[in-house]
Amino acid sequence: GQSLEQPSEVTAVEGAIVQINCTYQTSGFYGLSWYQQHDGGAPTFLSYNALDGLEETGRFSSFLSRSDSYGYLLLQELQMKDSASYFCAVAGAGSYQLTFGKGTKLSVIP
Amino acid sequence: GAVVSQHPSRVICKSGTSVKIECRSLDFQATTMFWYRQFPKQSLMLMATSNEGSKATYEQGVEKDKFLINHASLTLSTLTVTSAHPEDSSFYICSARVQNTNYGYTFGSGTRLTVV
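Protein chains in written order, with the working numbering: chain D, 16 to 125; chain W, 7 to 122.
Chain W extracted, bound-state conformation (with noise of 0.2 Å):
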């Protein structure tokens, strides 16, 4: 149980396009999506919190006009990267937290984005 559906898994793109990846909570209710980027080598660094109904929470440095988030639905939060340019080429990954555990944070698969 506790899976995050996260699409699409690879993505080339134009520089100055826009792209969007999805995730959805198949078989439990996330109020709650964390987006993370990873660089090559390096850790997951958290870009924004998501709560269902309400504005994202982004981290210092994020641009929210940028990464824009949607969480319109307890099972669906969505991340948009707007005119996109190289230097957003990540690992982008959806996380949720599992309601009544400690722990119990599940990712997506992630998202390879390449912008060229």
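The following block holds chain D by itself, in its conformation from the complex (with noise of 0.2 Å):
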């Protein structure tokens, strides 16, 4: 089976820097992956981490370390629009199934 932990509510100032954590136990593993979701709203793909390290798309950046079967998320200059839940999700070996986080609400206030 496939687990994964991660804060369920962090806040943070407009302008700030959070990062969310995501530790994992899973049967197999197919990289690392990073979903925004807005209230209402469905899923939209963030970050993906395959191999250990550091991947940065403008604003939001996402770390993997497969030895400690852990990652995060980094949001910097953080804006109100921010504010939303953020999953973290992983596909096992041998199939293409996300397993998904229970998410972290991320309030950003001014």
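Keep in mind that the hints are not guaranteed to be accurate.
Computed cross-link-like contacts, DSS-like style, restricted to lysine-lysine with a CA-CA straight-line distance of at most 25 Å [what the hints assert, rightly or not]:
hint : chain 1 : residue 1 : chain 2 : residue 2
1    : D       : Lys120    : W       : Lys47
2    : W       : Lys70     : W       : Lys20
3    : D       : Lys117    : W       : Lys47
4    : D       : Lys96     : W       : Lys47
No lab work stands behind these hints, which were simulated from the structure alone. Here the structure is a predicted model, which means the values were calculated and not measured.
Got two chains here, separate frames each, mind docking them using the hints?
Printed below as a string of structure tokens:
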């Protein structure tokens, strides 16, 4: 089976940096993905790590350590519109099914 | 590119009726579609995996006779909630993997089902 752990809520100030951690247990591993979901909307893809290290995409970066079964999403220069839920997800060996973490609700305050 | 169109976005139905939700891949062929259900403030839970031209694979605890999935073409998958009850009220989302990418899962916009 597969399970992912991430904090349920995070609050940060506009303009600041926030890190959302994710630890996972999987029977196989094909990379760690991050998705953003605004209330009432569908998830949108943010980032993906198949190998160890940091991937940067604009204000968003994602990090993976396969030996630690750990990754994080880093959001810089926070904006109010970044208030949303963020999910980490993994796809297991032999399957393209994504398993999602429970999500982290990010609240950006002025 | 890689857009999945999902309809309807919202539906309200009476208890006991059936509701069909459609997901179409607009600019690519989706051999596999995933159907998720999301209750308020919870994560996305995989219900089933549908493969074009074959029977869907349901996750444990999901009633296949209640949630009928049809994937008759490479661009269309449908989920029919049969004999809907209030406890079926949820947000249903489809997703497709985009070929030749490791991470390319694209999601439909979701369907908010309310059973009254």
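Sort out which numbered hints this structure fails and list those numbers smallest first. none
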